[in-house]
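According to the numbering used here, the residues represented by the sequence shown are 391 to 647, in order.
Simulated from the structure, these hints should not be mistaken for laboratory data.
Be careful, since some hints might not be right.
Stated by the list, open to error - Below 30 Å or equal to it, Euclidean Cα-Cα: the simulated DSSO-like pairs (lysine-lysine) are: (1) Lys555 x Lys534; (2) Lys584 x Lys534; (3) Lys591 x Lys533; (4) Lys538 x Lys584; (5) Lys555 x Lys533; (6) Lys591 x Lys538; (7) Lys533 x Lys584; (8) Lys609 x Lys534.
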Amino acid sequence: MSIASAQPKDRFDSTVGQYLQAQEQLLYDQAVCDLFGFNAVQIGSLQMDLLSNSRIAHRYKVAAPTNACLIKPVSPPDLACCDDFLPFAEMSVDLLLLPHRLEFSERPHQTLREAARVMMPEGHLIISGFNPMSTWGVCAALKKLFYKPLDYPWYGDFIALNRLKDWLVLLGFEVVVVQSCCHVPPIENLAWHKRFAFMDKLARHGFSGGGGVYFVVAKKRVVGMMPIKPNWKQSAKANLLSVSPKTNTRQSKSREK
Numbered sequence: 391m392s393i394a395s396a397q398p399k400d401r402f403d404s405t406v407g408q409y410l411q412a413q414e415q416l417l418y419d420q421a422v423c424d425l426f427g428f429n430a431v432q433i434g435s436l437q438m439d440l441l442s443n444s445r446i447a448h449r450y451k452v453a454a455p456t457n458a459c460l461i462k463p464v465s466p467p468d469l470a471c472c473d474d475f476l477p478f479a480e481m482s483v484d485l486l487l488l489p490h491r492l493e494f495s496e497r498p499h500q501t502l503r504e505a506a507r508v509m510m511p512e513g514h515l516i517i518s519g520f521n522p523m524s525t526w527g528v529c530a531a532l533k534k535l536f537y538k539p540l541d542y543p544w545y546g547d548f549i550a551l552n553r554l555k556d557w558l559v560l561l562g563f564e565v566v567v568v569q570s571c572c573h574v575p576p577i578e579n580l581a582w583h584k585r586f587a588f589m590d591k592l593a594r595h596g597f598s599g600g601g602g603v604y605f606v607v608a609k610k611r612v613v614g615m616m617p618i619k620p621n622w623k624q625s626a627k628a629n630l631l632s633v634s635p636k637t638n639t640r641q642s643k644s645r646e647k
């Protein structure tokens, strides 16, 4: 039984890589289908089309320069940029996906600040990250002690879920959904991987701890902002009941006579 050690160029073709993609694709497909707006952006993990199930018309894919050459994207990215300085206007994005960007960002808190800046009020931010409090996190810690150099994803700085929640709250986000996936340990051997498949079944029935990946959906809240909708019915009734100045003048003259 060997722990996953695929090279960056083929890491997503390995047993663990395929398992990771299948589990995350399912969560993203379920989350984005009911979110609406005008602009949606996916940053990173371009080997998966995480916006494929979205109904938003304008969908963009952004590649981070640090790993743009290490993946095989399903389609060419629309642009490449650093995720801690996004080239988007303030309050211009309705849906923003950050799959595994924070643990590989040099300044993860700044990345979240940029996300808060470019997002529309009431817009949604979806983050997936590797859970340090799981078998995946234990594997990463052991590899950092005994193996150098490290391959993906073990060289990342895994961020605890509670810490991420605190960051989101400080930046004005409300955590709406928290889920987990990849409860099977990161075992590369296919036969052993299948033997541990029961852990995913236990997790679906609530009998398992945190999975190797957490999945967070957050909504941007703006304090003091309340959307005002015009009361079209009341306006229509007011127009029908209003008296024109000419009619009012004639009525006044008839009364004088």
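Hint check results:
Proposed proximity of Lys555 and Lys534 is supported: the alpha carbons are some 26 Å apart, at most 30 Å. Of the pairs offered as hints, the one joining Lys584 and Lys534 holds, with about 26 Å between alpha carbons and a cut-off of 30 Å not exceeded. For the given pair, Lys591 sits about 28 Å from Lys533 by alpha-carbon distance, which is consistent with the 30 Å threshold. For the hint pairing Lys538 with Lys584, the CA-to-CA distance comes to about 28 Å; that is within 30 Å, so the pair holds.
For the suggested pair Lys555 and Lys533, the alpha carbons sit about 27 Å apart, so the restraint of at most 30 Å is met. Distance check on the hinted pair: Lys591 and Lys538 sit about 34 Å apart at the alpha-carbon level, beyond 30 Å; violated. The hinted pair formed by Lys533 and Lys584 meets the criterion: a straight-line CA distance of about 23 Å does not exceed 30 Å. A threshold of 30 Å between alpha carbons decides the hint, and for Lys609 with Lys534 the separation of about 34 Å lies outside it, so the pair is violated.
The structure fails hints 6 and 8 (numbered hints given earlier, in ascending order).
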